[in-house]
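Q: Going down the list, the protein sequences come from chains A and B. All the letters of the first sequence, read from the start, carry residue numbers 0 to 186 under numbering that gives the first Met the number 0. All the letters of the second sequence, read from the start, carry residue numbers 0 to 191 under numbering that gives the first Met the number 0.
Bear in mind the hints are in silico, worked out from the structure with no lab data behind them. Mixed in with the good hints, there may be bad ones.
Stated by the list, open to error - Derived CB-CB ranges, DEER-like:
#	chain 1	residue 1	chain 2	residue 2	range
1	A	His59	B	Phe125	24 to 34 Å
2	B	Glu13	A	Asn77	46 to 56 Å
3	A	Asn77	B	Ile171	37 to 47 Å
4	A	Lys9	B	Pro57	20 to 30 Å
5	A	Ser114	B	Leu51	50 to 60 Å
6	A	Asp154	B	Phe86	17 to 27 Å
7	B	Arg35	A	Asn1	18 to 28 Å
8	B	Leu166	A	Pro136	29 to 39 Å
9	A	Val164	B	Phe86	14 to 24 Å
10	B	Val181	A	Pro136	39 to 49 Å
11	A	Lys9	B	Ile79	19 to 29 Å
12	B	Phe179	A	Glu8	51 to 61 Å
13	A	Pro136	B	Ile171	55 to 65 Å
14	A	Asn77	B	Met154	33 to 43 Å
Said to hold, decoys possible - Cross-link-like lysine-lysine pairs, in silico, DSSO-like; alpha carbons within 30 Å at most:
#	chain 1	residue 1	chain 2	residue 2
15	A	Lys118	B	Lys152
16	A	Lys73	B	Lys1
17	A	Lys118	A	Lys130
18	B	Lys142	A	Lys180
19	A	Lys180	B	Lys128
20	A	Lys134	B	Lys7
21	A	Lys12	A	Lys24
22	A	Lys118	A	Lys73
Every residue gets a Cβ at the ideal spot worked out from N, C-alpha and C, and that includes glycine.
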Amino acid sequence: MNEDKDLVEKTLKGDKEAFEMIVRKYQSPLLNYIGRMVRERELALDLTQDVFIKTFASLHTYQPQHKFSTWLFKIASNYTIDYWRKKRIEAYSIDVGKNDESCRPNMQIPANEPSLVQKYELREIREKIEKALEKIPPSMRELFVWRHINEFSYDEIAEIKDLPVGTVKNKIFQAKEMIRKYLEVGP
Amino acid sequence: MKCLSLDKIYLYLETELPAEEMNRINNHIATCRNCRLAVENRKAISEAADSLPLFRVPPDFTQQVMARIFREKASTRLWIAGLATGFSLIVAIFLAAFLQSNLNLSGAFIQLNRILWNFVGSLSVFFVKSIKVVSLAFDLLLKLSGFIYTTLKSMTSAVGTELQIILVGLTIFISLTLFFGVRRLIWTGEKI
């Protein structure tokens with residue numbers, strides 16, 4: 000991770016190639032995060048470019064005590080939220096109910112749960128998850144994507160969203176339960 | 000052991016529990032069909048989620064980003080350079096005029112001062128004239144609205160309610176068409 004910090008430092012000293020390396024390293028993770036959030040490839044590509052430009056412009060504000068990747072994804076998250084607000088698509092502030100117990104999923108196993116493994120193949124489950132992701136609230140989708148597609152740890156996600164780790168875990172578990180229910184009722 | 004809660008299952012699947020608890024859960028799911036099924040389902044979802052297909056980045060994406068960044072940076076630089084050039088040009092003209100005029104430095108400043116005062120003077124005249132034009136336009140607008148008001152008043156007594164509604168609707172339609180037409184002309188520079 001010190002590699003990122005070195006690249007930032009070099010960029011700030013005017014090394015163009017250092018920032019190019021940052022772009023190469025993070026373009027795929029960012030595109031996959033934004034793409035899963037906006038569900039449109041061309042738009043996701045444009046927004047990913049915008050995020051890099053915004054990052055470049057505010058690179059001097061980056062504090063090396065934070066991980067660069069979490070800082071970058073914080074910019075991306077805020078940018079996506081701003082974009083949706085401008086477009087008047089459902090605002091998705093996760094700050095509401097930061098420690099709200101009501102956001103905890105029902106902690107008991109539902110009775111008579113059917114077996115998904117017998118019902119679907121892995122490929123079908125993937126397709127169902129893609130569809131289910133459109134149905135779950137963006138605030139949960141975002142955390143789910145970071146966890147499973149960007150492979151961030153709970154601590155990293157908590158740092159990006161300024162949330163307690165417990166809240167992040169609960170939200171992600173809740174998202175998975177929503178997806179499971181979608182798979183359960185599906186054809 | 001009691002049946003598992005959902006958060007325990009998720010933490011178990013992510014091996015986020017102490018080894019002792021992991022073993023206890025292993026033993027429990029070996030005997031409890033319900034919990035085993037619940038674990039299997041959530042494991043299948045997690046595995047599928049971890050292997051979702053990825054969006055592919057176009058090969059020239061990095062170049063596009065870099066080009067955009069440095070184009071934007073260059074345009075800012077260009078703006079600053081333009082301003083600096085303009086300022087330098089004014090200073091150069093002043094210096095050239097000073098050298099040509101055989102004046103001493105204080106004489107040049109007095110001359111510059113005179114030019115500035117003349118400019119301020121002309122600007123004040125322009126400002127006063129502008130106010131006069133605006134007040135005339137306002138007067139005209141008042142008279143026009145008075146005329147519209149009397150016309151509408153006489154119209155209400157002369158025609159029926161239905162016709163009045165049709166006429167008002169028609170007027171709004173024509174005004175909106177004109178407004179948006181003109182706006183489009185201004186924004187897109189479209190030729191008629």
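Q: Determine whether the Cβ-Cβ distance between Glu13(B) and Asn77(A) falls within the hinted range of 46 to 56 Å.
A: violated (28 Å)
Q: Please verify whether Lys118(A) and Lys152(B) have alpha carbons no more than 30 Å apart.
A: violated (77 Å)
Q: Using the Cβ atoms, figure out if Asp154(A) sits within 17 to 27 Å of Phe86(B).
A: violated (53 Å)
Q: Does the Cβ-Cβ separation between Asn77(A) and Ile171(B) fall within 37 to 47 Å?
A: holds (43 Å)
Q: Could one say that the CB atoms of Ser114(A) and Leu51(B) fall in the range 50 to 60 Å?
A: Given a distance of about 22 Å, which is not inside 50 to 60 Å, the answer is violated.
Q: Given the hint of 20 to 30 Å, is the C-beta distance from Lys9(A) to Pro57(B) inside that range or not?
A: holds (26 Å)
Q: Within 30 Å, alpha carbon to alpha carbon, are Lys12(A) and Lys24(A)?
A: holds (20 Å)
Q: Looking only at beta-carbon atoms, does the pair Pro136(A), Ile171(B) fall within the given range of 55 to 65 Å?
A: Violated, since Pro136(A) and Ile171(B) (Cβ atoms, about 42 Å apart) do not stay within the stated range.
Q: Within 30 Å, alpha carbon to alpha carbon, are Lys134(A) and Lys7(B)?
A: holds (25 Å)
Q: With a cut-off of 30 Å on the C-alpha distance, tell me whether Lys180(A) and Lys128(B) pass.
A: Given pair Lys180(A), Lys128(B) is violated - Cα atoms ~75 Å apart, limit 30 Å.
Q: Would you mind confirming whether the straight-line C-alpha gap from Lys73(A) to Lys1(B) stays at or under 30 Å?
A: At roughly 40 Å apart (the allowed maximum being 30 Å), Lys1(B) and Lys73(A) break the hint.
Q: Do the Cβ positions of Arg35(B) and Asn1(A) conform to the proposed distance bound of 18 to 28 Å?
A: violated (44 Å)
The structure does not agree with the numbered hints 1, 2, 5, 6, 7, 8, 9, 13, 14, 15, 16, 18, 19, 22 stated previously, though it agrees with the rest.
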